[in-house]
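Asks: Start counting the sequence shown at 1; every next residue gets the next number (the UniProt record's numbering).
Watch out, some of these pointers could steer you wrong.
Pair ranges (Cβ atoms, derived) [unchecked claim]:
(1) Ala-62 x Ile-129: 25 to 35 Å
(2) Gln-126 x His-101: 10 to 20 Å
(3) Ala-62 x Leu-134: 29 to 39 Å
Please keep in mind that the hints were generated in silico from the structure rather than gathered at the bench. Every residue gets a Cβ at the ideal spot worked out from N, C-alpha and C, and that includes glycine.
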Amino acid sequence: MLRGAHAISLDTKGRLAIPTRFRDALRDECDGVLICTIDISNPCLLLYPLAEWELIEKKLRALSSTNTAERRLQRLLLGHASECELDAQGRFLVPGPLRQHAGLDKKIMLVGQLNKFEIWDDTRWQQQISDDLLALPEAGWESSERLRDFSL
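Please put together the full structure from these sequences, using the hints given.
Replies: In structure tokens, the structure reads:
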């Protein structure tokens, strides 16, 4: 279960260190192999353990390569997908084009989303949280059947 928001720094080579509490589980679950790709809805990256990514690939494989919208989705997600392997210190290199896409600099946020992590530039993350908190009352909890009965 990938959860929590973790402030992390990219090193000068563009490597990100996974928090210690997740390293052993990721090594056990996927031999430390992760897939990093772009998020098509937000200016961040998505980081999947290999087994979770393989489920996404199965869904993408089922899409039509002749349908323009489906082909675009395949192109964006698969075309940006990069295999990343944890080194002995629990780090992996975030490829340059992906760092550029998400505007990653030194300070980043690694945000658990159950089956994956989101990787955000710290400033963009803070803005996203502010936007989400402001939009929540306007989002119409009542209009979503799933959210109507959700309680904390």
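Asks: The structure should be examined with respect to each hint, and the outcome stated for every one.
Replies: Structure-based check of each hint:
| no. | hint | in the structure |
| --- | --- | --- |
| 1 | Ala-62 x Ile-129: 25 to 35 Å | 34 Å, holds |
| 2 | Gln-126 x His-101: 10 to 20 Å | 19 Å, holds |
| 3 | Ala-62 x Leu-134: 29 to 39 Å | 37 Å, holds |
Comparing the model with each numbered hint stated earlier shows that all of them hold.
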